[in-house]
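Student: With this note's numbering, you'll find the sequence shown wraps up at 930, consecutive numbering, no jumps.
Any given hint might turn out to be false.
Stated by the list, open to error - Ranges between beta-carbon positions, derived for each pair:
#, residue 1, residue 2, range
1, Val-907, Glu-776, 45 to 53 angstroms
2, Ser-710, Asp-656, 52 to 60 angstroms
3, Ala-681, Gly-901, 13 to 21 angstroms
Unchecked claim - Below are the SDA-like pairs computed for lysine to any residue, each with C-alpha atoms no more than 20 angstroms apart in a straight line:
#, residue 1, residue 2
4, Lys-767, His-678
5, Lys-793, His-708
6, Lys-767, Ala-681
7, Lys-767, Arg-683
8, Lys-793, Arg-705
9, Lys-793, His-678
10, Lys-767, Phe-677
No lab work stands behind these hints: they were computed from the structure. No residue lacks a Cβ here, since even glycine has one placed at the ideal position from N, Cα and C.
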Amino acid sequence: MADGQALDEVVTFTSDLIRIDTTNRGGGDCRERPAAEYAAARLAEAGLEPHLLERAKGRTNVVARIEGTDPSADALLVHGHLDVVPAQAAEWSVHPFSGEIREGVVWGRGAVDMKNMDAMILAVVRQWAREGVRPRRDVVIAFTADEEASAEDGSGFLADRHAGLFEGCTEGIGESGAFTFHDGAGRQIYPIAAGERGTGWLRLTARGRAAHGSRPNPENAVTRLAAAVTRIGAHQWPLRLTPTVRAALTELAALYGLETGLDDVDGLLDKLGPAAGLVEATVRNSANPTMLDAGYKVNVIPGEAVAHVDGRYLPGFEDEFRATVEELTGGDVEWEFHHREVALQAPVDSPTYARMRAAVEEFAPEGHVVPYCMPGGTDAKQFSRLGITGYGFSPLKLPEGYDYGAMFHGVDERVPVEALHFGVRVLDRFLRTA
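Use the sequences and the hints to build the structure in full.
Tutor: Structure follows, in structure tokens:
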């Protein structure tokens, strides 16, 4: 059971880490080292021997191992990232890097995504050191750089260049799961992630004949690109149920006492109300146009036009995604992956999932734990290269009216102190039994 010092430290660590500006603007524009050194120092104080690892100067990762009592058991990876997305201070109620604690709430960029989880990990590890606790299985702690961009300097680098530090790891936990979802009708749902859609960020290029803007031009690159982008944006992707999403829908239907079966998923989603938001983004592939770049003068038809599309595909449906994009872009537009990462799926009938469920239910007996698939991605994608099955488990007990999803990359990101306390208790309970 988490002690008073652990409860105090998780709040202090969250606030301290927020005050260390680790804004990741992409293209290598970030420096996680100060946060990495802070985390490493807290681990060293707990008697661990953290490794600080960089692919590029200042892009620092931290890895440490806690030896378990059963050397024959598989190891467990517990990971969180140190970087955050940009924040414009003028838009915020408090400065985004103040780490201010106001009326029982910790404010700042990273409060939810995901310096809170980093702080939970540190608080639990330090309590174990005070108590002389050792887990059953080895626990590998990893704090990563670059998750908010390509992960090339973070989990990708660790997986490719430092696989030995993760020897024996078969499962891992990271963001984002075991948070309170209020359905508006008095139910509290705790989704634990057991899958992620794959990432398929696309670059579309249309080429044509450059010419004066006053003359007819059937080879207009902008027109060709616009047509392809319109087709992609308007496409209705077919329903595709993965085992994780199927399990989520089955459990939600039972929770709400609904007889609508999986033969009418859209009908079931309509009846679930707000809870449909936990699964509706993951019953199909998706592709959303996000960026356009063409031309340099209004009276000149350019010879090339470029667009970017945020594509996501479900586990097992990448080939269908590729074929559909090929068809939608047509013969006049070329496409390529600007960035691609695999889709993930984890079993929901595993002992590890059962232990996560039990840990949440112990401290939130009124809650209903369900599996879910993340619509986006995490560092679990890169760690999967090492054969590590990833779950999203960064527990938070949140009050009604708190929009957890809006905190990710949003203005006025914040986390209640009580949510952090709950997270430490649940994480400690799970890791002691994992």
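Student: Of the hints stated earlier, which fail here?
Tutor: 1 and 9
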